[in-house]
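Just so you know, the protein sequences line up as chains A and U, in that order.
Here the working numbering is used: position 156 in the first sequence is 156, and no number is missing along the way.
Adding 301 to a residue's 1-based position in the second sequence gives its number in the working numbering.
For the record, the hints were derived by calculation from the structure and aren't laboratory data.
Just so we're clear, the structure is a prediction, and the values are computed from it rather than from any experiment.
Treat the hints with caution; some may be incorrect.
[Unchecked claim] Here are the in silico distance ranges between beta carbons for each label pair:
id: 1; chain 1: U; residue 1: Ser552; chain 2: A; residue 2: Ala281; range: 18 to 28 Å
id: 2; chain 1: U; residue 1: Leu382; chain 2: A; residue 2: Asp241; range: 16 to 26 Å
id: 3; chain 1: A; residue 1: Val137; chain 2: U; residue 2: Gly464; range: 30 to 40 Å
id: 4; chain 1: A; residue 1: Ala153; chain 2: U; residue 2: Gly455; range: 50 to 60 Å
[As the list claims (entries may be wrong)] The calculated BS3-like cross-link candidates involving lysine-lysine, where the alpha carbons are at most 27 Å apart (straight line), are:
id: 5; chain 1: A; residue 1: Lys154; chain 2: U; residue 2: Lys570
id: 6; chain 1: A; residue 1: Lys79; chain 2: A; residue 2: Lys91
id: 7; chain 1: U; residue 1: Lys345; chain 2: A; residue 2: Lys154
id: 8; chain 1: U; residue 1: Lys570; chain 2: U; residue 2: Lys345
We treat Cβ as the ideally placed atom computed from N, Cα and C, and that holds for glycine.
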Amino acid sequence: MSSVALRKAAPAAGTTPGTVQGPPRRRRIALVPTVTLLLGALYCLLPVAWVVVASTKSGRELFSTFTFLPGTGFADNVKDLSAYRGGVYWKWMGNSALYAGLGALLSTAVSAVSGYALAIYRFRGRETIFNILLAGVLMPPVILAVPQYLLLAKVDLTDTYASVLLPLILSPYGVYLARIYTAAAVPSDVVEAGRMDSASEWRIFSRIALPMMIPGLVTVFLFQFVAIWNNFLLPYIMLSDDEKFPITLGLFTLLEQGSNTPVLYTLVITGALLAVVPLIALFLVIQRFWSLDLLSGAVKS
Amino acid sequence: MTSARRKTYGVKGAPYLFLLPATLLFALFFALPIGYALWLSLHKIEVKGLGLGKGARQETWAGLGNYADALSDPELLDGALRVLGYGAIVVPVMLGLALLFALMLDTDRVRLAPFSRLAIFLPYAIPGVIAALLWGFLYLPDLSPFHFVLDKLGLPQPDLLDGGPLYLSLSNIAVWGGTGFNMIVIYTSLRAIPAEVYEAARLDGCSQLQIALRIKIPMVAPSLVLTFFFSIIATLQVFSEPTTLRPLTNSLSTTWSPLMKVYQDAFGKGDTYSAAATAVIIAVVTLVLSFGFLRAANSRNKQEEAR
């Protein structure tokens, strides 16, 4: 690996011999990268900063004061939002937590057993099954969601919690990550040793391999959690009863009504802020554990 | 003997049992819907007489008629062109920025890097619908800080939700949401390059810029390929962002992107048959593009290895 790079580096050095850096320059801050990154950070924080400020404004202040001037209506906005249609907003948040939490848990479990089977065993049809499962990644969600809706309608399952949960349990990407991780983290000697002790295959998986797979499975869980929390299309197609809406769909319908009555804008803005806060908090906590090494590892193999 | 035989049977059967839940879910929620979509796309409703009473509306074989209709529908072609234009902005800008930020993060003596990295990655945690909603408000002339500044400076204020600027506005939402994730993927593979490589290059007198261009970019090429591939697929499937912006502008039709047209046909018009045909066409285009791309990337990799 390094020899390739060395070979590539050599002509570069030969063509420009005059750019040797003296020791004094080493101490300085790299100004251009630092500033570029800070500008990038500013760009990414702008809408978040805006929604924080805008949520403090009363309906009148929203349209009359400068964008980044804080207002005086935050408490009233939260009160109005909580009172909106009997507190349906908090119901949406609860639904999102349910869909994302339960869905990600089930999805991780399925990914774990499937990834383990594909990584550890040699059996007929292994690669075929793996490739067919992976092809699922390429299927545009709408292509699946429309017939899924029609089929679930035939068994009277549309507009239920199950209609949003069930189609998201199998995650081709999760199976893929679980397989890659298991192959790297669970040595086949360990599995063999378990067989020598005449442990059942399920016992080997659940007692020996599963603990070794935990870091990879945490990543799968987090990916699925974010994916389901952010999902809009499936609930948009499946649900009509707004008591079952997740937060994304709820805010969308609120905005749709708000386009006729700008009074609702402050509710949408406050709702967007409160919906983003738990995600950002979760994100700040988990980004320490989040092993994206797994991703680049997947790229290399 | 018997117990040994039973054990090998146990081992042989185990992977299939482990794969049972995934297989079952795949059959129910992937294979069956795809099969049903294919079946629907080849049928249509025929109305007999006045269309009243039972049996007056019958499903009949339509052959490739739905496909012919879909392919000759100018609205679908327009939608495809709109999404192409949108993708031509999103993918290069997003991946260019992601690569730039990743290289900058990987530079020596850069300050506040952990903060910047986290801030740029943050939009990944924000749902596409909420991102579109936040930016949508920032585009509204009454609320936008851009319009405020332009107004103070006495400059003309473009309508960000119409015509050409609308593409930029939509692209901006995707770029904002996707740059951080791709940056992290590229940055992670940059970190995996052993430090000796740079030491050697530095001893040879390479500047940071030369190291970036001649060593780092070629070495992270595989992750660039991967991010490019996923970005293209995500772009073709754009749905929630334009749908969310619709309440704020009259310039976004219900059939702005091909996927929106599928939704509109199926649930707006209730014509699931032609919706299915359009859906199948989009799926085939996506698959052909994906496999073509993967094949091209693979053969290039093999060439590199052979060298």
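Tested hints:
1. U/Ser552 - A/Ala281: 18 to 28 Å: 36 Å, violated
2. U/Leu382 - A/Asp241: 16 to 26 Å: Given range 16 to 26 Å: violated, Cβ gap about 37 Å.
3. A/Val137 - U/Gly464: 30 to 40 Å: 35 Å, holds
4. A/Ala153 - U/Gly455: 50 to 60 Å: 57 Å, holds
5. A/Lys154 - U/Lys570: 19 Å, holds
6. A/Lys79 - A/Lys91: Answer holds: A/Lys79 to A/Lys91 is near 15 Å, not above 27 Å.
7. U/Lys345 - A/Lys154: Holds, because 18 Å separates the two Cα atoms, which is no more than 27 Å.
8. U/Lys570 - U/Lys345: Holds, at about 14 Å.
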